[in-house]
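Asker: Just add 27 to the spot in the sequence shown (first one is 1) and you have the working numbering.
Worth double-checking, as some hints may not be accurate.
Said to hold, decoys possible - Computed cross-link-like contacts, EDC-like style, restricted to lysine to aspartate or glutamate with a CA-CA straight-line distance of at most 20 Å:
1. K61 <-> D121
2. K185 <-> E107
3. K148 <-> D69
4. K112 <-> D187
5. K83 <-> E95
6. K185 <-> E95
7. K180 <-> E95
8. K148 <-> D187
9. K123 <-> D64
10. K112 <-> D162
11. K66 <-> D110
12. K112 <-> D69
13. K180 <-> D194
14. K146 <-> E95
15. K61 <-> E107
16. K105 <-> E95
17. K85 <-> D69
18. K105 <-> E131
19. K112 <-> D64
20. K142 <-> E107
21. K105 <-> D144
22. K180 <-> D64
If you are wondering where the hints come from, they were derived from the structure by calculation, not from laboratory data.
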Amino acid sequence: MRMAALAAMLTLAFSAALAKDAKSAKPPKSVVVKMQDAKGADAGTATLSSATGGVKIKLNLHGLTPGEHGLHVHQTAKCEGPDFKSAGGHFNPDSKHHGLQNPEGPHAGDIPNFKADAKGKATATLIAPNVTLTDGPHSVFTGGGTALVVHAKADDGKTDPAGNAGDRIACGVITK
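Throw the hints in and build the complete structure from the sequences for me.
Answerer: Given below as structure tokens:
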């Protein structure tokens, strides 16, 4: 009788632990990405949240050159300046060609351009249509995370490998 009671108690405790782990495996509602410039100085934030049709990215950036900039999710969760090459290439789990306008694309990490004002500030909301915050091959948390990279120029939407978007000028690590 005592053994049966002990077994029941252990089963209950184990089930509770599993339920807690399953609950904690839920994707985050949002993730704040701290962006830095090539010198490591604060360049603002990007807040990522799940949305219909992808991941919503709310940008609040500063210290940029005025005009349009390309924005991409890169494959590695590293942002070592000054060139941010440590972030690797664009996040591309399906091995497609670059560009939201490319019929053989896009990379999962391709995102529409945004514009910085005359003071170098950018406040914009964009949708990254081919990534998720949930588990799976298109998750921005795949392989320990990814990086969000701002480029010096606008992305032309079609040219491999990066849309002629120029240098990487700001970067932030995306992790849970």
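Asker: All hints, please: hold or fail.
Answerer: Quick rundown of the hints versus the structure:
1. K61 <-> D121: Status violated; Cα separation ~27 Å.
2. K185 <-> E107: 27 Å, violated
3. K148 <-> D69: 13 Å, holds
4. K112 <-> D187: 17 Å, holds
5. K83 <-> E95: 19 Å, holds
6. K185 <-> E95: At roughly 16 Å apart (the allowed maximum being 20 Å), E95 and K185 satisfy the hint.
7. K180 <-> E95: 6 Å, holds
8. K148 <-> D187: 28 Å, violated
9. K123 <-> D64: 29 Å, violated
10. K112 <-> D162: 26 Å, violated
11. K66 <-> D110: 9 Å, holds
12. K112 <-> D69: 18 Å, holds
13. K180 <-> D194: Roughly 8 Å separates the two Cα atoms, so the pair holds.
14. K146 <-> E95: With a Cα-Cα distance of about 13 Å, the restraint between K146 and E95 holds, given a limit of 20 Å.
15. K61 <-> E107: 13 Å, holds
16. K105 <-> E95: Violated, at about 24 Å.
17. K85 <-> D69: The hint holds at about 16 Å.
18. K105 <-> E131: 28 Å, violated
19. K112 <-> D64: 13 Å, holds
20. K142 <-> E107: Between K142 and E107 the Cα gap is close to 24 Å, so the pair fails against 20 Å, i.e. violated.
21. K105 <-> D144: 28 Å, violated
22. K180 <-> D64: 15 Å, holds
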